[in-house]
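*Asks:* Letter by letter, the chains look like this.
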Amino acid sequence: MDYDNMMLDGESLGPTVKISAADSTHVDFELTNVDLSFANSLRRVIQAEVPTIAIDLVEVEVNTSVLADEFVAHRLGLIPLDSREIDQLNYTRDCDCENSCGKCTVQLTLHAKCTSDEVMKVYARDLIVGIDRPNNHIGNPVITDPDGLGSLICKLRKGQEIKLNCIAKKGIAKEHAKWSPTAAVGFEYDPHNKLHHLDLWYETDAATEWPKSKYADWEEPPAEGEPFDFNAVPSRFYFEVEGAGNIEPDAIIQEGIKELQKKLAGLIHGLGENDGMNGDYDGPRSPDAMDGGVGWQDQGYTTPYGNAGNASAWGGGAATAYGTTPYGNSGGGW
Amino acid sequence: MAGKTRARAAEAEEVDQADITMEDAPPSAQKPGYSQEEGSAMQEDEGEENDVAGEEEEEEEEEEEEEEPQRVRILPGSTETAASFEFLKEGHTLGNALRYIIMKNPGVEFCAYTIPHPSEDKMNLRIQTYDTTTATAALAKGLQDIEDLCDVVADEFWTQRDKFNAAQNK
Ligand SMILES: [Zn+2]
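Residue numbers (the working numbering), protein chains in the order written: chain A, 78 to 411; chain B, 11 to 180.
Only chain B is shown next, with the shape it has when bound in the complex (with noise of 0.2 Å):
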């Protein structure tokens, strides 16, 4: 049994090595960074490109010692005010409660959000707004809305709870 266990950590462990270089990883699941590499604008100036992805390459690379990966981006094809933004390790407990906090926003036309795939630990929000604000501004208030109503909500928990306890108490 333990032999067994221990053998499962270390594969686990393996795949995650195997995950941060990326190698095999369908271009979709590529970190972005790549793409960028590779992508046509290097082809228009190529010394200068060349170095600034060089320099965005050893950032990255600093920012994966210390944080956790980025794991919001934008989807290709976004605009200022319509963006499908990804979430990864993300679902319908976030999804959901972003989507209807998003919606209460008069600047924002439309929100949605959906779950791609089973398989796949990612979710997807498409914000639409308009002129007034961006859908990044708009994702941004929703995340702090939220947050404040969960201050709230906590607070107004642990009131009632402090009452409820005094009244049994008594």
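One chain only, chain A, in its complex shape (with noise of 0.2 Å):
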């Protein structure tokens, strides 16, 4: 453990990350020096917003088995398929194409029967994976069990049969859990409860009757009568990164910061071109072009629908000290 040597050192104060445990599927590491808000926001981000590519449109021409075929098709999307350099490929409503293409989808195909007296099992190594795609591993079914299967899609009793063909998109797990790249992650902060974020629910003592985090031996627990810090924050948080198997872990934090930074690029780029950044707006919804008249630029506090002051346009007049508010009602919302 060199936590005590970080900790010493006086210059490393910017934020610093440490990796506990990783392997394939696992990513456990610790990020400090950073506000909540971000390692928050960063914790939402792989979660929800980093992209993957998984079935979306299933064509069935053949479905005899016992499950519906809504029901087959929610499987089939349910399946990891490799995401890695998703970078290559677009999502489909940003493609030139038509429908779709090679560019922005990946086709697979399923084709199974049973002819034999005992139940046949249909799994993800069934799927035959298309060869119009960016790259030779985009969109493969992901296997890892020992055995090589897959996840099970369906089970065939003799006679029944499964045909059918899949395209497979990208898309972002905000719309859509199956396009998640994360199975869970852990997210933690203060073990020892120092900040009083948590009410403990307790029967007699919450010391004894709540289980210590393991995270808990990191940090110093409080001492004995120490007075109620209100002015701490958090700055050490452990996250424990999942991964479904699309993505590899490590892989998906470095994805996530990168959707995180498009974003933010995306509205630094588009605010350069609104206004040129001092507030002298020729663009829309200037108060300028909103002025009619009234005197309703004063401070910003009150609403340009016509009514100056603290009266708001529906009639009571609003006593807070900011007047009214820019939502065109009474500053009582606030």
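Note that these hints are calculated values from the structure, not bench results. Do not rely on the hints blindly, as some may be mistaken.
To give a feel for the contact side, a few chain B residues facing chain A, derived at Cβ under 7 Å [stated by the list, open to error]:
| no. | residue |
| --- | --- |
| 1 | V82 |
| 2 | A107 |
| 3 | I156 |
| 4 | E157 |
| 5 | C160 |
| 6 | V162 |
| 7 | E166 |
| 8 | R171 |
Now the in silico label distances, taken between C-beta atoms and shown as ranges [stated by the list, open to error]:
| no. | chain 1 | residue 1 | chain 2 | residue 2 | range |
| --- | --- | --- | --- | --- | --- |
| 9 | B | I125 | A | V310 | 19 to 25 Å |
| 10 | B | D165 | A | C178 | 33 to 39 Å |
| 11 | A | N176 | B | K99 | 23 to 29 Å |
| 12 | B | V162 | A | R234 | 55 to 61 Å |
Covered, in the sense of this in silico footprint (three residues per stretch, anywhere, with C-beta under 8 Å from a C-beta of chain A), are these stretches of chain B [to be verified]:
| no. | region |
| --- | --- |
| 13 | 92-106 |
| 14 | 142-150 |
Here the structure is a predicted model, which is why all the values come from computation and not from measurement. For each residue, glycine too, the CB sits at the ideal point set by N, CA and C.
With the hints as a guide, bring both chains together as one complex.
*Replies:* Here is the structure:
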């Protein structure tokens, strides 16, 4: 453990990362010296906004299995598909093609028929991946079990057949959980609850009834009779990222940060062309363009909707220090 | 199944088309440009204003073909040092981090964010600054600061990952 070195090192005030465990599906790390809001943004973005590929459209030709078409289609959607180097794939909505093409989709076909007396199991490995795709691994079903089977799709009895064509597309988990790169993300801070962000329920004693987190050993427990520090903020965050198999866990973090930066870059770009940053806008909705001759442009506290000062458009005199809100009704709503 | 799914995709496109024209959207959701065209400013000098409005309309159409629609706008009632911004398609992921980092700016007196209604994909951000800066400048700086922070964290994560892997393979 070299935490002590780090803590003593006065220069290391910037964000630091310490990886405590990692394998092909997990990465556990500690992120320090960032704010809770940023750490949470990172968690949210890796859970919901890292793009992956998943089956999105299913054309069923034959389905005489016991499962309904929709049921099978749903199961197919949830199969993790290799999403490494997803940058090489377009979102279908951004693609130049009419409906779908090799630059924005991967085709997978499945054809299975049971002819023996035994129940036949159809697995993800039975999916045949089309060749028209950006590289030769994207869209492959993720198979990690020792037998090389992959996820079970359905079972067939003698005479039953399933034949379908799937179109896999790029997407994010905010739209549908099937596009999630993560199976779970652990997020934890302040294992001793020194900040009182939690109000632990207990019968007689919270300390004995609530098991300690494994990270409790990593931080000093509160001293006996230590007064509550109401200025304290959390600064050490413990992440436990478990990937779904479609992207390596370390790449999930990297892609997450990249997505966050794309968001920011897009907004910075939008701001830049809008008004040149210093409030001297000739763009839409500038206060001057809205000015109807009423003296609303006093301190930004009143509405432009034809009434000045404290009286809201709805009659009642707003009595808060802020007069009326920019939303067109009295300041009471704040 | 296939027929059903395809039908759904087509529907979504239609909705998108409707969104572009915004004919039945409430005034609050309409493109700022519209209110400007109809705005009272026009009445003061009709001829000139009409020309300006016409040009702007053309520009906007061109923009829409190439780029995504404007995602930040300043809400009415704002001044240089006290402004409310409306972000489309943003939420807590950006809102809270942005709020924090803007409050870190010594020129900023107040910053807060809200999601006014859960069924509208919008996030509002209020910034009030001292006279040393403006609300838009503070917003731009905040966005840039998070981007820089992301760079630092990404670099740090990758170095630590390489170190960890090297130690594992020893
Ligand atoms: Zn395409």
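*Asks:* Mind listing which of the numbered hints don't hold for this structure, in increasing order?
*Replies:* none
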